[in-house]
Amino acid sequence: MMKKFREVILLLLLLSFVPHAEGTRYSLPGKPALTRCRSPEKETFTCWWEPGSDGGLPTTYALYYRKENSETVYECPDYHTAGKNSCFFNKNDTSIWVNYNITVVASNALGSTFSDPVDIDVVYIVKPNPPEKVAVTVMEDKGWPFLRVSWEPPHKADTRSGWITLIYELRVKLEGENEWEMHLAGQQKMFNIFSLRSGGRYLVQVRCKPDHGFWSEWSSASHIKVPDYFHRERSVWILITVFFAFIFLIVSWCIHINSHSLKHCILPPVPGPKIRGFDKQLLKNGKSEDIFSALVVSDFPPTSSSNYEDLLVEYLEVYIPEEQELILEESKDLHDGCLKPKGSTFDSDSGRGSCDSHTLLMDKCGEAKDDGRQTDQDGSQTGSEAQRQQAAWEQEALTYAHEDMISPDMSSGRVKTWPSVFSPLPQYSLSPLSQPSSLETAKQHCLSDSLFPPSSLSSYLTQPGQSTKEYVEVHTVNEEDMVLLHPVPVGHSHGKGCLQTHQGEDYSKVNGVDKNNVLLLQREVMEEQVDMCPCENKDANGATESYCTSSAQKSIPCIHTALPVQEEKAVNGYVDTATMFPLPIH
Amino acid sequence: SLVFIKTTQSKLFLNQLISLLFMLYMVAACKAVPISDLLDRASQRSDRLHSLSTMLTRELDSHFPPIGRMIMPRPAMCHTSSLQTPNDKEQALQVSESDLLSLARSLLRAWVDPLLVLSSSANTLPHPAQNSISNKIQELQEHSKNLGDGLNILSGKMGPAAQTMSLLPYRGGNDLGQDKISKLINFQFLLSCFRRDSHKIDSFLKVLRCRAAKMQPEMC
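Residue numbers (full-length UniProt numbering), protein chains in the order written: chain A, 1 to 586; chain B, 1 to 220.
If we strip away everything but chain B, and leave its shape as in the complex, we get:
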């Protein structure tokens, strides 16, 4: 009877071992989603993000007071201008993947609060296309959030260097201005800053995508 008990115990142990191995295999298999696919998806989202911002600036520009263009703040006044980004192709191609991803994530993170300000201001924007602009801002927020989540997952796969982020706080306050002109000007200014930053994010991700897609040279 002792032998009998021992065999059942060993059987139980064997079963447990098998199930544990199976679970490990499943976890490993699930983790093996190719990074190139993730990057492809992320770059598609960033592409859409930038297209939206371009459409917004054009829409706003269609009914913009001429004097506003004169007193528009300079792009150096964007709250993300302190972040050091490559200025030409050689510099950009020398940046490591982790740094590229870190830059993209930092820029994206920096726009969470300003997008809220834009969204609230869009409801009372003194502009004929106010409704369309407001809708697009909403869409911007959605895409931005989705992209942020995706990049977080990506950074988890790419090592600790990719996890670092630079903080770029927005200090513009919740109000874009009291009068109509300053409201429009500040709105347009913020959008122009966002347009550039979204283009940066898009470019970095597309460079990353081609670097990861060594198996699929036809993509790049």
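Excised from the complex, chain A in its bound form:
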């Protein structure tokens, strides 16, 4: 017993010494791990594992697998085809849509270590080989080169039967660059690359992927050099340069031809100072004091005038050459009479444009004409008185013609139409008081003013004695070649008279539209008219004095045209008759 006890102790000592003597410890092999399994064509597959520590002893690895429905454990049929630490399953051993449960076992003298089991289905681990026979050629498309890349699927993958469906991708880059240009090519086996740099060296690679699987590795790079097409570019530039030079020449020639008018267009001439009575030389040569003194006109600002509205006055310069012509050739004379004085002192640079408006001019002419009519209408007066009046009228007209436009003179009896527009007419009644003849003319003016319907020029219609309105028409021509006029009853207003009035006014109120699409305008009657007298239809030979407007309450429609209704003109009941009734009407 003592002997056995001594043997056991010796054995234990020996066992404990032996490892210390060697310097290493043996252990079980480390746990291996299956890293990946791949199938290149869905017909075979390979699994690789990573060995753990070997534990110091020679370790062997074995792979065992079990198929889905059976419990039979098989061992890997081929450890060598795919390299170290791999297991290759050939076609006979590969089943698809079947789960493989694979385990790797590492064994050494001390024991075995099992790896974690892995479940795989071959159809989910497909990673094909790269595409083969990648060919890159340079081709030309209308003078511009492009690369045509073509390839074939890996020879193992059976795409013809549809067993595997592959999609391709390629990448291109210039030699020396870092950025690749990727192109997805789908299922086609050919691709064109455009936009190449002339003379560049390119690298092309292709890879593929099954419809539900992993991308393959990139194929080996194909090198290609694009030939220089710089000379073709240069010829294009030469053409462009020549073309633009040609265009430039033409444009400069055109500019030269039209230089004068262009100059006027771009740099319009600055109007020089045109002050009447001012010596331009003063500006160039004179001193500033001289210039300013020349500018100061003796009677400007007018201190003699007490009424500032006279400054706004535009004088009617009616030039009546002969009294006969005034009567007989009314229309022609009017033009001459109206336009002549304008011509004498007409100056393009003076600011009297508004005064030269056509309507106002016609108003003045109309007024002159009506004045002429009025004078003849005074048939009850003796011819001598008429002639006297006409002479006075003519005298005044002549004085007008020589009027200095800049410094308006306040001599009485002048026809003032502007004030009739802008200021109340009491001044009319006031100023001619000094001279009886002018009183007559003033009255005539009042009367003539009354020919303008009160509705248009409302501001000045608040005058007593200003309540007449009437129209005149030609009654007869007597044996002395004088036109006898008579007033037209208000109810039967003459077209021409109304025409006159409607020339003068800008707006009339629409009363209504009758069945023939005729606008019925109403003459506005001022409410402020105090001295109203009921107006009855005037006879043809009515008296000249007592004219009055119709009562304020009654509006008389003025039916004088048959123009169709123009819908867009009527705004708030007011119609712009200036545009509605173009001259002449009938």
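Certain hints may be false.
Straight-line distance between alpha carbons at most 16 angstroms, and here's what the computed EDC-like set of lysine to aspartate or glutamate pairs gives [what the hints assert, rightly or not]:
hint : chain 1 : residue 1 : chain 2 : residue 2
1    : A       : 209       : A       : 169
2    : B       : 136       : B       : 218
3    : A       : 209       : B       : 47
4    : B       : 89        : A       : 121
5    : A       : 67        : B       : 88
6    : A       : 127       : A       : 211
7    : B       : 145       : B       : 113
8    : A       : 84        : A       : 50
9    : B       : 136       : B       : 61
10   : B       : 180       : B       : 40
11   : B       : 89        : A       : 93
12   : B       : 157       : B       : 40
13   : A       : 91        : B       : 90
14   : A       : 156       : B       : 90
15   : A       : 209       : A       : 93
16   : B       : 89        : A       : 152
17   : A       : 91        : B       : 88
18   : A       : 189       : A       : 228
19   : A       : 133       : A       : 217
20   : A       : 189       : B       : 218
21   : A       : 209       : A       : 116
22   : A       : 31        : A       : 121
23   : A       : 91        : A       : 71
Just so you know, these hints were derived from the structure itself, not from any lab.
Knowing the structure of chain A, use the given hints to seat chain B on it.
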């Protein structure tokens, strides 16, 4: 007058004949949609179906309890495992077109009910990506229905053999489980079965497509 009547009658008859011939021609022309086009469209749909199922399984797997992987039922427990399908390429390429189509249709038909179960369970799935999963299940149902209709039309063109279908009833019930773990496990299991079956359908249709596309070898 008799001759007149006869000519009008014959004219009417002629008109009728012409219109009938025209109608027949139109019907024939309309029927002549190439099968390869139909198969191409069908395989595109099946491709999308399988991609969706793969995305779903991956999404579900991202937050899956590790223990679930341990107790996952085996794929042999799928309700469609009884259907005999080819196991490798040689077997698959020997199957006739009608049989391939019949297999595809049977598999697709077998998933109509389970997809409903999946859809209803997805609304209450205890998973962080529940919303996305639910949407994808909806899309799965749509594509599945469209593909089923398309395959029905195809089978009509390919003869009576293609019309036969195998019935693979789903007996899993409407409920995937009471507790969170079993719900997730059963959901994942069903999805894995569907993933495989959709891959089968896709493969069969693509083989059929290449067989029908003899005129367009560049497609295959």
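Agreement of residue 91 of chain A and residue 88 of chain B with the hint, judged by alpha carbon distance not exceeding 16 angstroms: Holds. Residue 91 of chain A to residue 88 of chain B sits at ~8 angstroms (cutoff 16 angstroms).
Pairwise hint evaluation, residue 88 of chain B against residue 67 of chain A, where the allowed Cα distance is 16 angstroms at most: holds, 14 angstroms
Restraint check for residue 189 of chain A with residue 228 of chain A, where alpha carbons must lie at most 16 angstroms apart: violated, 28 angstroms
Restraint status (C-alpha distance of residue 157 of chain B to residue 40 of chain B at most 16 angstroms): Between residue 157 of chain B and residue 40 of chain B the Cα gap is close to 15 angstroms, so the pair holds against 16 angstroms.
Holds or violated: residue 84 of chain A to residue 50 of chain A, with C-alpha atoms at most 16 angstroms apart: The given pair, whose Cα atoms are some 10 angstroms apart, holds under the 16 angstroms limit.
Satisfaction of hint between residue 113 of chain B and residue 145 of chain B, Cα-Cα up to 16 angstroms: holds, 12 angstroms
Pairwise hint evaluation, residue 93 of chain A against residue 89 of chain B, where the allowed Cα distance is 16 angstroms at most: holds, 12 angstroms
Pair hint outcome, residue 91 of chain A versus residue 90 of chain B [Cα-Cα no greater than 16 angstroms]: Holds - the C-alpha atoms of residue 90 of chain B and residue 91 of chain A are around 10 angstroms apart, at most 16 angstroms.
Distance restraint between residue 209 of chain A and residue 169 of chain A, which requires alpha-carbon spacing of 16 angstroms or less: holds, 8 angstroms
Restraint status (C-alpha distance of residue 136 of chain B to residue 218 of chain B at most 16 angstroms): Outside the cut-off at roughly 33 angstroms; violated.
Given pair status - residue 217 of chain A, residue 133 of chain A, alpha carbons within 16 angstroms: holds, 14 angstroms
Agreement of residue 91 of chain A and residue 71 of chain A with the hint, judged by alpha carbon distance not exceeding 16 angstroms: Roughly 21 angstroms separates the two Cα atoms, so the pair is violated.
In summary, the numbered hints that this structure violates are 2, 10, 15, 16, 18, 21, 22 and 23.
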